Amino acid sequence: MRGIEIRNITKDYGSTRALDNVSVNIEYGRIYGLLGRNGAGKSTLVNIISNRIFATEGQVLIDGEPAKENDKALSKLFTMSESNLLPQDMKVGQAIELTKEFYPDMNTECAYELAKEFGLDLKKKLQSLSTGYTTIVKDILGLTCNADYVIFDEPVLGLDANHRELFYKKLIERYSDYGGTFIVSTHLIDECASLIERAIIIDSGKLLMDSDTEDILAGAYTVTGAAAAVASYAEGKEIIGSDSVGGLKSVYIKGQPENVPAGLEVSKASLQNIFIRLTNTDEENNA
Amino acid sequence: MELRFDSDKPIFQQLAEWISDNIIRGAFAEGSQIPSTTEISVTYKVNPATALKAVNILVDKGVIYKKRGLGMFVAEGACEKLMHERQEEFYGSYIKTMLEEAEKLGLTKQQLIEMIERG
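Going down the list, the sequences are from chains Z and C.
The first sequence stops at residue 294 when you use the numbering used here, and every number in between is there.
The second sequence stops at residue 745 when you use the numbering used here, and every number in between is there.
This is chain C alone, in the form it adopts within the complex:
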């Protein structure tokens, strides 16, 4: 499995996003078990402390929970929670960047709207 870390964000954050992506995509279904921190760190060659940090972010958010001695599971409602969070971020991470790039390229508002409609 490949996960290419870019250097723009800390690795633990990228790992947390990778787990979140998989929950949103349904690869890690609600109620199901997710890989252990050992599995994650071995697969992606990251320090176990880094993997633990990623997991703890999601535990704090209530997206996953730990069952002592059994492992980590995706919480009920996790997908909706993450989708909602991503929607909130959508403006900052995509729309704003798109508008900045459009301005740099001299695209008009009309041209942009046409492009969005074209899909």
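This is chain Z alone, in the form it adopts within the complex:
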């Protein structure tokens, strides 16, 4: 099978279980969102896929081959991780050339063009870059390396609004022109909701959801109105969460609206709202 198969991955740090029996298939040729709160296990999963840390149990296959200690399989994967693996006294231009050594299909010309568009100085040393530009360097490497599987880990960290927009547009351009598989791990869900075809949601180390974004959105709705009327409508339905302001109440419900009484307003829930309700703790939901 072409794709990344994550099979029953469990990762323990001492007595803490960071990932608990996570299984997901990532198909070649799509844009995925890897969504989770801080500490949910996103980075742990990304690090296991890219062989930076080892799973306690389970296995990752890239195009059917075990990824662990397998250079051939791992050469198909580029991970833009938060940890800085490049020598910090290296200049930006050198970092681009060095990456080309590991990813022979990399389009360095395009990388230099992107650097210009982002206003990135190629002669600067990596260690002297701001948080935003440190992210941009890694984004550019990910966008131009032409690996079959590219994982962006918080790709807009420290970027201003203009650069965030530019990054999203370049990502779609690359994807449209060359295909490939992109996994965007982020907690800025609203910004990338329209971009991702499929969402993988991780919460407290467990896989909470793995569905097409469109299906997630079509599978939930919000009902708003007078608290008592909303509560009586919602009774017996699968409630994801709720909000209230004064006597006004909104309830997020799974499924499709049916026979909603007059006076109640039905609307679709955004991906971000569904995500928040699904991953809130009980205390947060009642706050």
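Calculated from the structure, these hints are not laboratory results.
There's no promise every hint is true.
To give an idea of the chain C side of the interface with chain Z (calculated C-beta under 10 Å), a few residues [what the hints assert, rightly or not]:
#1 Phe-631
#2 Ser-662
#3 Asp-686
Dumping the calculated EDC-like pairs for lysine to aspartate or glutamate here, alpha-carbon to alpha-carbon at most 16 Å [stated by the list, open to error]:
#4 C:Lys-671 - Z:Glu-180
#5 Z:Lys-261 - Z:Glu-245
#6 C:Lys-671 - Z:Glu-272
#7 Z:Lys-176 - C:Asp-647
#8 C:Lys-730 - Z:Glu-245
Where chain Z lies over chain C, by a calculated footprint (3+ residues, C-beta under 8 Å) [claimed, not checked]:
#9 635–642
#10 670–677
Predicted, not measured: the structure shown is a model, and the values here were computed from it.
Where a beta carbon is used, it is the ideal one built from N, C-alpha and C, also for glycine.
Start from chain Z and add chain C according to the hints.
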């Protein structure tokens, strides 16, 4: 260019409506080429599969057609077709909603008619 997606409808549907609006307004004239799915997805930051889905709705309706290797074009008669379709929808999407809102506000039939005439 700005297109604000509201969350009430799937994005592909909103994109299809955006293209239709532009055909009705004459911005995309009959016989002329419309933006490619790549251009649409880059401009509005949507997944190319979503843009393709929007375009395919309009292809199925016979409003636009694809020319292999050249792109997508607005079909002859597309504007009339879309106008007719919108007129059909007008009752459900505007009149019915207006009457419901009017009832909520306690407006009489006479008051409503006067407002419509006032324009």
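- request: Check each numbered hint from earlier against the structure, then list the numbers of those it violates in ascending order.
  value: Violated: hints 3, 6, 7 and 8.
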